[in-house]
Amino acid sequence: MFDLAGYGQQIFNGTVTTIELSVLSLVVSFVIGLLGASAKLARHRALRGIGTVYTTIIRGVPDLVLMLLIFYSLQIWLNELSDWLDSLQNSIDFEFPLDPFTSGVITLGFIYGAYFTETFRGAFLAVPKGQLEAARAYGMSPMLVFRRILFPQMMRYALPGIGNNWQVILKATALVSLIGLSDVVKAAQAAGEATFRTFFFISVAGAVYLVLTIISNGVLMLLERKYAVGVRKAAL
Amino acid sequence: MIDILQGYWQPLLYSDGYRMTGLAMTLWLLVLSCGIGFCLALPLAVLRNARSPLLWFPVWLYTFLFRGTPLYVQLLLIYTGIYGLSFIHNTPPFSEFFRQGLNCTILSFALNTGAYTTEIFAGAIKETAHGEVDAGLAMGMSRVTLYRRIIIPSALRRALPVYSNEVILMLHATTLAFTATVPDILKVTNDAYSATYDPFDCFGLAALIYLCVSFGLIFVFRRAERHFLAYLHP
Chain A
1265 MFDLAGYGQQ IFNGTVTTIE LSVLSLVVSF VIGLLGASAK LARHRALRGI
1315 GTVYTTIIRG VPDLVLMLLI FYSLQIWLNE LSDWLDSLQN SIDFEFPLDP
1365 FTSGVITLGF IYGAYFTETF RGAFLAVPKG QLEAARAYGM SPMLVFRRIL
1415 FPQMMRYALP GIGNNWQVIL KATALVSLIG LSDVVKAAQA AGEATFRTFF
1465 FISVAGAVYL VLTIISNGVL MLLERKYAVG VRKAAL
Chain B
176 MIDILQGYWQ PLLYSDGYRM TGLAMTLWLL VLSCGIGFCL ALPLAVLRNA
226 RSPLLWFPVW LYTFLFRGTP LYVQLLLIYT GIYGLSFIHN TPPFSEFFRQ
276 GLNCTILSFA LNTGAYTTEI FAGAIKETAH GEVDAGLAMG MSRVTLYRRI
326 IIPSALRRAL PVYSNEVILM LHATTLAFTA TVPDILKVTN DAYSATYDPF
376 DCFGLAALIY LCVSFGLIFV FRRAERHFLA YLHP
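Keeping their order, the protein sequence lines are chains A and B. Per our numbering, the first sequence starts with residue 1265, numbered consecutively. Per our numbering, the second sequence starts with residue 176, numbered consecutively.
Because the hints were derived from the structure by calculation, they are not lab data. Keep in mind that a hint or two might mislead.
Sample of chain A residues lacking proximity to chain B, with all beta carbon distances greater than 12 Å (derived) [stated by the list, open to error]:
id, residue
1, G1313
2, G1324
3, F1335
4, P1364
5, F1365
6, R1385
7, E1397
8, A1399
9, S1405
10, R1412
11, A1452
12, G1456
13, A1471
14, L1474
Not everything, but these chain B residues come out facing chain A in the computed CB check (under 8 Å) [said to hold, decoys possible]:
id, residue
15, G243
16, T244
17, L260
18, F262
19, L351
20, A370
21, T371
22, P374
23, G379
24, A381
25, A382
26, L386
27, F394
28, F396
Just so you know, these numbers come straight off a predicted model, no measurement behind them. Beta carbons: idealized from backbone N, C-alpha and C, even for Gly.
Next comes chain A alone, as it looks inside the complex (with noise of 0.2 Å):
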């Protein structure tokens, strides 16, 4: 029944990819997702302009769409770049390459840093304002205002979004596969089509979807615990 027929490391390979993607994606959607937020909250009518439009197209489009968008036409910029800096002077060769794996980061973290901004734009407006002003009293720099009282306060109301974020990123990755990366996805077709046994390694490429799934939600809950210290719930 378990026999992966040779496949296994190829698989084993994939996975890492995946997970690599993944995580990768989360740290630069997050990034994204506190600029815009802050962006979104600020007090320059041109920055929540821009807040608003960006999350509001991501939102609207499908991330497939996107992604084909960003991976074939990021490709055509950075040539045209290359081309236009090579024109300037002549003794360097500029180059970008762009491997499939880059750009799936580049475009995961952009589309899901809209979804991340809206994540973070309500935690943030969930931490009480007294709270802030009192730091800012005490004479704490802005940033120190931010590092001490507002993210771990935010991270509380925020990490229910991040774990459906997280989710919905970890599903996602399956998509970049058709952009030409070797993801687990792609790891199993491969199985399949040389085996013919497409259900069976499809399946297996399944199953480590939801092994990571079930890993990640204990994951989340530590951090729900760890962050939830301190907070009294009502006994109901």
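Dock chain B against the given chain A, drawing on the hints supplied.
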């Protein structure tokens, strides 16, 4: 972008001459998969809240399996995997069904959205105010009447905002259909891309169309929410 529109507006909107394509196909996929998913989810959501583990466990397993794996993997499993099984291959009605990309696509989309919708509805049913149920029981309603008149209508109303989100995510998920050779919007723009090698205009056009459909759906659901949830507004 104008010349792509001129060359491809007809397949992009409704037909390439002998079959439904583009926007019409995308909407057809959306309506069919959400319709089947809805019909599947309603009874399953009731079972999901049942007391007996024999009833709720299979439903839980179904939603866990379909929500824990990517839709693309499910589509691959149904489209390429099942057809490869010799048992399916040699049984004429099955092989006929699973040979068509459209059938496999709709089956996998419906099962996927059915799992998410089951959880949405089950959550709403669980949170029915106990006073409503008590009142229904006090009126002497049977369990079936109670569900039909009180619990399900009220749960569906309260689930509407979350359900509208699921429908929009499903619209986005229909883009996967092109991997099973179903001629939806993305397939047509992908063909245009192969012909012109102009990714920004081709996929940008697809993005614009999907954006418009998303906004249209959001508008419709806002109207529906205002109608069905009017009693919640001051």
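Quick rundown of the hints versus the structure:
no. : hint  : in the structure
1   : G1313 : holds, 17 Å
2   : G1324 : violated, 4 Å
3   : F1335 : violated, 8 Å
4   : P1364 : holds, 15 Å
5   : F1365 : holds, 18 Å
6   : R1385 : holds, 17 Å
7   : E1397 : holds, 31 Å
8   : A1399 : holds, 35 Å
9   : S1405 : holds, 39 Å
10  : R1412 : holds, 35 Å
11  : A1452 : violated, 8 Å
12  : G1456 : violated, 7 Å
13  : A1471 : violated, 8 Å
14  : L1474 : violated, 5 Å
15  : G243  : holds, 4 Å
16  : T244  : holds, 4 Å
17  : L260  : holds, 6 Å
18  : F262  : violated, 10 Å
19  : L351  : holds, 7 Å
20  : A370  : violated, 14 Å
21  : T371  : violated, 12 Å
22  : P374  : holds, 3 Å
23  : G379  : holds, 6 Å
24  : A381  : holds, 5 Å
25  : A382  : holds, 4 Å
26  : L386  : holds, 4 Å
27  : F394  : violated, 12 Å
28  : F396  : violated, 13 Å
Violated hints, listed in ascending order, are 2, 3, 11, 12, 13, 14, 18, 20, 21, 27 and 28; each of the other numbered hints is respected by the structure.
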